[in-house]
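J.: Given chain A, work out where chain B should sit, using these hints.
There are 2 protein chains.
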Amino acid sequence: MIFSFFDFNKEEPIYIQIEKHIKESIIRGLLQKGSKLPSTREVSEILKISRSTVVTAYENLESEGIIESIKGKGTFVNTIAKVKEEDFDIKWDSRINTYASTCEDLDIIKTELPWERGMISFKSIAPDETLFDIEEFKRAFLNTWSFQGEKILNYGYAQGYKPLIEYLLEYMANKGVDIKGKDILITNGFTEAFDILINSLTEPGDTIICENPTHNTALKIMRAHGLNIVGVDMTEEGMDLVKLENLLKSNKPKLGFIIPSYHNPTGIVMKGEHRRNVLEIFKRYSVPLIEDGFNEELLYSSSHVPPLASLCGRGNGVIYVGSLSKILFPGLRIGWILADKKLLGTLESVKRARNIHSSFLDQALLYNYMKSGAFNKYLKKVRKHYREKYSFTSAEVMKNIPNEFIMGEGGLHIFVKLKGIDSRKVLEGCYKRGVVFTPGDIFYTDGSGKDTLRIGFSKVRLEDIESGIRIIGEEVKKIADK
Amino acid sequence: MIFSFFDFNKEEPIYIQIEKHIKESIIRGLLQKGSKLPSTREVSEILKISRSTVVTAYENLESEGIIESIKGKGTFVNTIAKVKEEDFDIKWDSRINTYASTCEDLDIIKTELPWERGMISFKSIAPDETLFDIEEFKRAFLNTWSFQGEKILNYGYAQGYKPLIEYLLEYMANKGVDIKGKDILITNGFTEAFDILINSLTEPGDTIICENPTHNTALKIMRAHGLNIVGVDMTEEGMDLVKLENLLKSNKPKLGFIIPSYHNPTGIVMKGEHRRNVLEIFKRYSVPLIEDGFNEELLYSSSHVPPLASLCGRGNGVIYVGSLSKILFPGLRIGWILADKKLLGTLESVKRARNIHSSFLDQALLYNYMKSGAFNKYLKKVRKHYREKYSFTSAEVMKNIPNEFIMGEGGLHIFVKLKGIDSRKVLEGCYKRGVVFTPGDIFYTDGSGKDTLRIGFSKVRLEDIESGIRIIGEEVKKIADK
Numbered sequence: 001m002i003f004s005f006f007d008f009n010k011e012e013p014i015y016i017q018i019e020k021h022i023k024e025s026i027i028r029g030l031l032q033k034g035s036k037l038p039s040t041r042e043v044s045e046i047l048k049i050s051r052s053t054v055v056t057a058y059e060n061l062e063s064e065g066i067i068e069s070i071k072g073k074g075t076f077v078n079t080i081a082k083v084k085e086e087d088f089d090i091k092w093d094s095r096i097n098t099y100a101s102t103c104e105d106l107d108i109i110k111t112e113l114p115w116e117r118g119m120i121s122f123k124s125i126a127p128d129e130t131l132f133d134i135e136e137f138k139r140a141f142l143n144t145w146s147f148q149g150e151k152i153l154n155y156g157y158a159q160g161y162k163p164l165i166e167y168l169l170e171y172m173a174n175k176g177v178d179i180k181g182k183d184i185l186i187t188n189g190f191t192e193a194f195d196i197l198i199n200s201l202t203e204p205g206d207t208i209i210c211e212n213p214t215h216n217t218a219l220k221i222m223r224a225h226g227l228n229i230v231g232v233d234m235t236e237e238g239m240d241l242v243k244l245e246n247l248l249k250s251n252k253p254k255l256g257f258i259i260p261s262y263h264n265p266t267g268i269v270m271k272g273e274h275r276r277n278v279l280e281i282f283k284r285y286s287v288p289l290i291e292d293g294f295n296e297e298l299l300y301s302s303s304h305v306p307p308l309a310s311l312c313g314r315g316n317g318v319i320y321v322g323s324l325s326k327i328l329f330p331g332l333r334i335g336w337i338l339a340d341k342k343l344l345g346t347l348e349s350v351k352r353a354r355n356i357h358s359s360f361l362d363q364a365l366l367y368n369y370m371k372s373g374a375f376n377k378y379l380k381k382v383r384k385h386y387r388e389k390y391s392f393t394s395a396e397v398m399k400n401i402p403n404e405f406i407m408g409e410g411g412l413h414i415f416v417k418l419k420g421i422d423s424r425k426v427l428e429g430c431y432k433r434g435v436v437f438t439p440g441d442i443f444y445t446d447g448s449g450k451d452t453l454r455i456g457f458s459k460v461r462l463e464d465i466e467s468g469i470r471i472i473g474e475e476v477k478k479i480a481d482k
Numbered sequence: 001m002i003f004s005f006f007d008f009n010k011e012e013p014i015y016i017q018i019e020k021h022i023k024e025s026i027i028r029g030l031l032q033k034g035s036k037l038p039s040t041r042e043v044s045e046i047l048k049i050s051r052s053t054v055v056t057a058y059e060n061l062e063s064e065g066i067i068e069s070i071k072g073k074g075t076f077v078n079t080i081a082k083v084k085e086e087d088f089d090i091k092w093d094s095r096i097n098t099y100a101s102t103c104e105d106l107d108i109i110k111t112e113l114p115w116e117r118g119m120i121s122f123k124s125i126a127p128d129e130t131l132f133d134i135e136e137f138k139r140a141f142l143n144t145w146s147f148q149g150e151k152i153l154n155y156g157y158a159q160g161y162k163p164l165i166e167y168l169l170e171y172m173a174n175k176g177v178d179i180k181g182k183d184i185l186i187t188n189g190f191t192e193a194f195d196i197l198i199n200s201l202t203e204p205g206d207t208i209i210c211e212n213p214t215h216n217t218a219l220k221i222m223r224a225h226g227l228n229i230v231g232v233d234m235t236e237e238g239m240d241l242v243k244l245e246n247l248l249k250s251n252k253p254k255l256g257f258i259i260p261s262y263h264n265p266t267g268i269v270m271k272g273e274h275r276r277n278v279l280e281i282f283k284r285y286s287v288p289l290i291e292d293g294f295n296e297e298l299l300y301s302s303s304h305v306p307p308l309a310s311l312c313g314r315g316n317g318v319i320y321v322g323s324l325s326k327i328l329f330p331g332l333r334i335g336w337i338l339a340d341k342k343l344l345g346t347l348e349s350v351k352r353a354r355n356i357h358s359s360f361l362d363q364a365l366l367y368n369y370m371k372s373g374a375f376n377k378y379l380k381k382v383r384k385h386y387r388e389k390y391s392f393t394s395a396e397v398m399k400n401i402p403n404e405f406i407m408g409e410g411g412l413h414i415f416v417k418l419k420g421i422d423s424r425k426v427l428e429g430c431y432k433r434g435v436v437f438t439p440g441d442i443f444y445t446d447g448s449g450k451d452t453l454r455i456g457f458s459k460v461r462l463e464d465i466e467s468g469i470r471i472i473g474e475e476v477k478k479i480a481d482k
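Line order of the protein sequences matches chains A and B.
Each residue of the first sequence is one higher than the last, beginning at 1 in the working numbering.
Each residue of the second sequence is one higher than the last, beginning at 1 in the working numbering.
Mixed in with the good hints there might be a few duds.
Which copy is meant is left open, because identical chains are indistinguishable; a pair holds if it fits in one copy or across any two.
Stated by the list, open to error - Simulated crosslink set (DSSO-like; lysine-lysine; CA at most 30 Å straight-line):
#, residue 1, residue 2
1, K252, K91
2, K20, K341
3, K326, K138
4, K389, K419
Treat the hints as calculated values from the structure; they're not laboratory data.
Same shape as in the complex, but just chain A (with noise of 0.2 Å):
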């Protein structure tokens, strides 16, 4: 019988596994169609529980159609013969296009070496969750639903959650940007918000013009979406100025892509003067400008940065994009595109298209928590938790990796510049010795950068950006003296 092995989990309640069993025992044939049910007494008697739980559960598989009670005959198994298998096969491999094989072949969390159990991973630059205050956001969570409850269960709209939205604007505001005219759409993510903005302003083959190396994400979609890259090489200060007016000369880009602060991967932050430049080289050759904003609340030294969208007074053509994942809550995938509010409104459309809104739940709670002042306790803690843990590792790797440079003035994350020592050769030395990390070439536009790597600490204790840096630094000095 098909309880007389039957044994339940404290976890699901009980009516539930019963079903779960009745269920399974079809898939499985052990019911056919047909099959005579034990009655809801014997069950009840079999397995030592109440009989309304029995009952529960054969009426709910009786209102799903997986079993009919015909009255004083008993209960049946009614599900419809599978007649036979249409065995409906397809090669899926041949019918993939160039767009999804691209985006796998750029996925470097399947191109790269992946990190397993026990090893030291600088890989990531993602904050470390164990800084979150779970407590605020928990707050935040019931604050949030006595208020509003079931409508942000509900659909809402594509722009964004209304109070979210004009926080923003006034976040924005407050960085100087003049918002007169613009307005924010709210996107799962940078990641979002570039890949709208490309899908919604280029065509395949036109030209993009960006720093190299930059974002290694914003890469794979400008590649994913066929566009023609254009590198600017960098310097300390940020873009080369002289280099840029050539390309953009020689080149007619669509559109540039800029980080200006916490560059990814090299963390540089462009100073005030050299942002005013760049931006007026953009402006006179009339192409506008997409800009990755960290978020200057990372900034570990206290002069105030503005965004490049704020250096162009009443004009649009800077669109900021801005995130919060790169110091909180990235699992909530909430970002925001700052622009033209007639682009928008075209953009919104294109949001609404993709799917439909961003989670209205994620928005509240998010606006919730940065309203009530949390985000800037939050700040205050992770700012000197982070700047020494960016003195400590970039101490570790002065001391320990033989370098030309090492860039970046903060962040979560250290460029490397070795001298001229393939580090994708240093990584499989270290892969060997339990250390991974992120090799700087996938961040160029043009296949170089081979020389280069980027360490991300945020996740990592002491102790092991202790011996994981100096492993790194013996790899390399094992290839320098062959």
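T.: Then chain B, alone, in the frame of chain A:
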């Protein structure tokens, strides 16, 4: 003095209000670079608040670089001077590509008559949020929280939250789908799932075959991607088999798209035999199918109807797209694709390139909610409620609206075909009387269906259904009598 007329509200922490006030004063020019701020003691005296509150505000502003305290001299405004307005302005209109402008042209939020406060609207087919059990949802949050807390707030996997994936695989297996060699990708609802599939498996100019009428969002996505859409007329039973065979013969479609249960907009449920026949034909022509799974939970009659995906045995020719949004928490944006494992691996990379992953918090919440049995309880409650509302609305429609036929077997909407009357003309008259509905032509692939309309009643009160349907009927008769 800038705090002379400063009033604070009771919502935000006071130190935040002080910071904002100072920033605003700078933006408005009341304070300039170099202006001296009142001392913290002065501010605390004038506003009659504790000095430490003011000190906190000043310290925050200083760490943001906005003000600067010089020992022995005081505190001064430090923001960078905006040198001169760059005025970098772009005409964005001409830069928007065809994809984006198509998304906007087909955005019914923008193109259709908007609902206004006080109107009776039959546009929505979203579930009624007053039926969501928010206590259970809150419990799900607290359970998720105590169990996983901060981990969920950091980056997750593109494929999705593992327990939810396991749960949904079992859910699909219980529907009779053979899940061997298949896997699940979590997406932001049906919309994102469909967009990812079209984005990855088609090129502009490809042919896709679907029902006529069909889901307008799917039509929008197919059009925005430049597909050639071939619509197959429907009978009361679903897709017309003869027309389907002919169109498959004369076209070479890349894919098919079908909504076999609670078809949007007609509400038709394809019966078992018809499903097998449709599948057989697609199989014969080797055209794979995307199935919009409705989740038969809302089936009002109790005969179990299996997904098309369960009728192809071990084969992978049917890609199943699932979503709970039709009945549960659409605001969370959680849906899924069930497909061949290798294909799914590629789609996972596409998802990662679009927005990395769907909110892990929301996935964990949904999982907890469903696992606790709350979902089943909710379904029992709402099934009864919606069934009654469906019967009521059905009766009102039959009583009041002269029609050629009414379609639908349940779900949250009713589809009406008028006798040669333009439903948009009816809509004009209704709009003036405070009633709106969705004109049916937006669901047709070929511009037909001008005499149809969809009535969504899920969120409308019974008395409004009664008067609203009566008004629609009157407007139809007015035009018929002309």
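J.: A separate judgement is required for each hint: does it hold in the structure or not?
T.: Hint check results:
1. K252 / K91: For K252 and K91, only the inter-copy Cα distance (17 Å) is at most 30 Å; the intra-copy one is 41 Å.
2. K20 / K341: between (52 Å within a copy, 25 Å between copies)
3. K326 / K138: Both. Shortest intra-copy (21 Å) and inter-copy (28 Å) distances satisfy the 30 Å Cα cut-off.
4. K389 / K419: This pair counts as within: shortest intra-copy Cα distance 25 Å, inter-copy 74 Å.
Against the hints set out earlier in the document, no violation occurs for any number.
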